[in-house]
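Peer 1: So the protein lines, in turn, are chains U, E, F and A. Residue 1123 is where the first sequence starts when you use this note's numbering, and the numbers rise one by one after that. Residue 1123 is where the second sequence starts when you use this note's numbering, and the numbers rise one by one after that. Residue 1123 is where the third sequence starts when you use this note's numbering, and the numbers rise one by one after that. Residue 1123 is where the fourth sequence starts when you use this note's numbering, and the numbers rise one by one after that.
What you were told as hints is all true, and nothing was included just to trick you.
If several chains are the same, the list does not tell them apart, and a pair holds so long as it fits within one copy or across any two.
With a Cα cut of at most 27 Å, we get these calculated DSSO-like pairs of lysine-lysine:
(1) K1308 with K1374
(2) K1482 with K1165
(3) K1309 with K1171
(4) K1374 with K1176
(5) K1374 with K1171
Worth flagging that the hints you see were computed from the coordinates, not collected in a lab. Note that this is a predicted model, so its numbers are computed, not measured.
4 protein chains.
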Amino acid sequence: MAASSFGKNITVTTWGESHGPAIGVVLDGIPAGLSLSEDYIQKYLDRRKPGQSKFTTARTESDQVKILSGVFEGITTGTPISLMVENKDQHSKDYGNIARSFRPGHADFGFISKFGLRDYRGGGRSSGRETIGRVAAGAVCAKLLEELGVSVFAYTKSIGDIHVVDFDKDQRDKNSLYMPDGNAAKKAAEYLEACMLNQDSAGGVIECQISGLAPGIGDPVFDKLDACLAKALVSIGSVKGVEIGDGFAASKSTGSLNNDGFRADENGNIYKTSNHAGGIMGGISDGDMIVVRAAIKPTPSISKTQQSVNEDGENIDMEIHGRHDPVIVPRAVVVVESMCAITILDALMSHMTDRVDYIKEFYKK
Amino acid sequence: MAASSFGKNITVTTWGESHGPAIGVVLDGIPAGLSLSEDYIQKYLDRRKPGQSKFTTARTESDQVKILSGVFEGITTGTPISLMVENKDQHSKDYGNIARSFRPGHADFGFISKFGLRDYRGGGRSSGRETIGRVAAGAVCAKLLEELGVSVFAYTKSIGDIHVVDFDKDQRDKNSLYMPDGNAAKKAAEYLEACMLNQDSAGGVIECQISGLAPGIGDPVFDKLDACLAKALVSIGSVKGVEIGDGFAASKSTGSLNNDGFRADENGNIYKTSNHAGGIMGGISDGDMIVVRAAIKPTPSISKTQQSVNEDGENIDMEIHGRHDPVIVPRAVVVVESMCAITILDALMSHMTDRVDYIKEFYKK
Amino acid sequence: MAASSFGKNITVTTWGESHGPAIGVVLDGIPAGLSLSEDYIQKYLDRRKPGQSKFTTARTESDQVKILSGVFEGITTGTPISLMVENKDQHSKDYGNIARSFRPGHADFGFISKFGLRDYRGGGRSSGRETIGRVAAGAVCAKLLEELGVSVFAYTKSIGDIHVVDFDKDQRDKNSLYMPDGNAAKKAAEYLEACMLNQDSAGGVIECQISGLAPGIGDPVFDKLDACLAKALVSIGSVKGVEIGDGFAASKSTGSLNNDGFRADENGNIYKTSNHAGGIMGGISDGDMIVVRAAIKPTPSISKTQQSVNEDGENIDMEIHGRHDPVIVPRAVVVVESMCAITILDALMSHMTDRVDYIKEFYKK
Amino acid sequence: MAASSFGKNITVTTWGESHGPAIGVVLDGIPAGLSLSEDYIQKYLDRRKPGQSKFTTARTESDQVKILSGVFEGITTGTPISLMVENKDQHSKDYGNIARSFRPGHADFGFISKFGLRDYRGGGRSSGRETIGRVAAGAVCAKLLEELGVSVFAYTKSIGDIHVVDFDKDQRDKNSLYMPDGNAAKKAAEYLEACMLNQDSAGGVIECQISGLAPGIGDPVFDKLDACLAKALVSIGSVKGVEIGDGFAASKSTGSLNNDGFRADENGNIYKTSNHAGGIMGGISDGDMIVVRAAIKPTPSISKTQQSVNEDGENIDMEIHGRHDPVIVPRAVVVVESMCAITILDALMSHMTDRVDYIKEFYKK
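Take the sequences, apply the hints, and build the full model.
Peer 2: If you want it as structure tokens, here you go:
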């Protein structure tokens, strides 16, 4: 069944396999009148491309995006925006044992179980390259959000057991791990080098902070804003957990500690005295910063010997060599940011039809 | 915008407010030919109803379900199943300060921000009573899954800091906390009594285990099985986090430890040597037990004094008296089970159209 | 698969069988702040109820609607509106040959083919009573449209070969055939009496005119406004054709005759010099009156002997006695109006997110 | 709002403007295991390409399709199939008055009203070239249907007032008008030449016949098979009417004439004694040939002088010169066929989950 689309007012449909001719996305529902260039989108894609450091695969994917539709004279027209990146660096290598074996921690076995066959080259549809489409779409949504005063900022919160301690937003883009804490980044780099020496890999946690979002965005039942964000994040490969606000820690807290009190300032503006909720209550934004986190598992491709089975049902030993990130967290930061941007913009647009007054005011003009 | 439906092949639409005349659900897409009675559904509803112990509100809601459509002579007909529960125990009390104030930790402020007005009686649409519809729908889906050999089993894994240690499935229904560990249940009860004495409340973690699901169910991109489960769980009020398999712990592990190896037994059946993945790889079931967890925050309604603001923007002190659960985790167990059952059945049905061979075999008959 | 919902911003989900305990609809996405009473909805339902004349079945269905949710103190809250009508006049008659035979022109054979079983009482889910949910939902949408200055007016354009000649809007509600032409109504009544004498039935055409709709509503590709209206109308039982504007006549016209020219009046307002297009061009409203028509087949239930087959595959002769309308066109007028109202309001709401400027203006407030 | 997708199990999303770099479609939900080549799709595209006769524009669009994803080693993989055609023959001409005027009968005015701006080159998104994506997707669906024994056959039934009289299926592809009646084709050609001499254009009717479809496909309420077909057809530009079976003629018939009787043959197979219903009863296929028709308006682009208005609100006279089909009916035949194929396959797949027995049989394997 069709399952490659995300969103309601805005619908993002990604397509493409790692080693096919191209990979891309169709972004439908972006309103007319947004200035948009390939350069703008490219900046987002560059944040996820490999080869940024020794901790990302050395593949020299240029990943140049092309706008194929939906933009005329530099302005969106309201019609579907088709974005494409050609797959240039496709090694026509012998996939050997990978072609007919199930790599531990990968989607190979699932694909065969589901479809009966698979494009085994580079993970096929389950390759990290699928996220190119998400990031390209996310860049467009983030641009519109930015013009509305909503900012979406994701960062590496931890790698293995190394956590950001002194959060300094400006530091994020100053190290290749996208950690907003120079010290933590240094320690994390050391940890990763040890992992690599050990033919092993690492995971981590990405946090995303969304600021400037008005209260009243989201829905009270199935399409709670946090439920949509949770789906958005877990739909990213390797994500094994999600938290909103205090997350799992809230389960150990008490009501009196976990509840965020309300106060009004001298101008009558209502604010919360704390933000354990992470900016969402009852599925609806409360005007505070939205805080969500995604737990990323260690990269499954490792060169250490692992137990596996091939498609003939024979037990084999498997070592996965080649170009693999010892940790995907840094490159996934922009993917998290993108999925959040898409989700938030979609929800924001839904809010426009929430009240009869809104509709009357709009329509009477 | 419409946002009260969940699912694709099966669509669950809940409706109703806590203190309106009734609350219910329309369940569309359930195939024809399933034996179904009000009694069967009622058993699920009874697991979430209040008054089961001193840790749940004393309201004597009978919550009797009526089947209004979609079942003829005890068998589903393939048409929408409308299920309704009348709201009997509606106190026509004076809502006083609650009617025009924002309870901390509740959806009140979000509702006003979103809709400009709200049904303040008992939480209105954001009442826990909304889950009646989910549970009624979940019971139907669980029944069909059961007939397919798929079981969905949720339980209280922790309350506050008290965790299940010696897991014994049979113990779950022997204590009112739905903890499959008598000892832990006893300790948790003590903890809850302390909370109550302190005019406070507690949270906890619910785990759901899905057994008997074939590999190949789910999707590789946006509608990953775990992404859908994550949305399903976070769409339940008070859920602040979700984990699949090892969850956040995976972020601190390494690839060699976290990867599940494959082996084939003497009959050629492939199995995993561990289940860190929680039964889902690349968004698709792998045949192993699916394991998901939801973190539930402490009940926000507490009688301790809290800071709040009323609709006139005045700072107030607020104490919430009345009938409130000091912990909602036990009653939410069946809600988690229900949302998982709906999600799993929906995904299972999607799989039926995944291969040309499946379609040919079906159609040629 | 779930297939009982209609609409995107507004989602209408009907449920219920002719002879079950009740029939109803859940209407999700109606914005908060609309005054709504059971009386208002009842007026619409009364237009479709039987017993209005000798040409409609004599069943005394009172069809009293109840609002079960989504309205608080007479105002919509933005949450799902659940509307229900109890099925009071259910004869527990012996369905005899109908229970296990396929009535010509009815859905019986389709139901058995699709579901393998069916609720044979009174047509079950395919009963005309299913439209109660549509009309109740349509009434709500029509009310909001009315407040926006958009009117939706349907009428009987022809019965058999008797057409409205002198269109007089005010005449519509002055005859039980809902024909806005007293003369035509008289002739049509004579024609129907002849049909009845002959144990036969008649069909006709319903036209719907939508006035006051701004230009720019609709979509240019799959969700063209006329495509959505076409689906809305053909989804009504017995509709076998749909036309927009000149419809089939346009296929015989030429470009120079069929094109509507544009002119601007002295105030710069643009208008069309004719309306062959029926108010929709390229799928988008053009500000002119929208004109659509639905062709309704003759009532299939007739007392004349017909050839049929029973579920044992035996050839039988069949006479359908009982309470049946010799023509359903008059009662379907309000159903057409309702489906158009739902479709138009849904499209109008979609337009609110069409431009970056709209979003900025909305959000900056 | 996103509105460029069609279908549920199968989702077709088209993108692209007439004069952008390319035009294409993403086809999601096609099951794994279908042999598919660019050549197969190309044959369908060639049927809609211009330059096939003097009655189609002389533009030499080669319209070569490329498969960008979803096919591996000639077999579909179950993942989205991205198909693209580059726009080669884009004249960088001066659009002059067309750029800022509203062509009668076109979508120009609607686009400006909706989006506030438009890509005026060659109709932009409302160009007939948008149907390239539909036809490419339709070819894929038609292939799978063909393998199931379901054939979808559309043809020109009339042009202006010239109708097919002696239907001979084999004749359809022997004339450039795709009329399965050599004589009628000849007369229609004469009629078109007269239109052209007169600087005018013509319309017509396309019929589509679907054979080999089992009974039981479709849905009884909103997603009636005919309702979905109606939307599919009216979503094609220039379609102003749709009929199923006897269509509008049924509105003048009587029940005894219009009802199709049932009989069983000696093998117990049930058939209808006539097919006024056009193969669909109560929204569900009845095993008979499905017959639908679409009325196509005359090509709006004519060189005769017409009244129009420009974007400054000034009244102007307009003559549209250049390459335009005097009738689009012949090229739209394959578009109708494609939209029907998509709709039918989608509905067929929905049927797979209609019964508990089907699911059990599928899952137990």
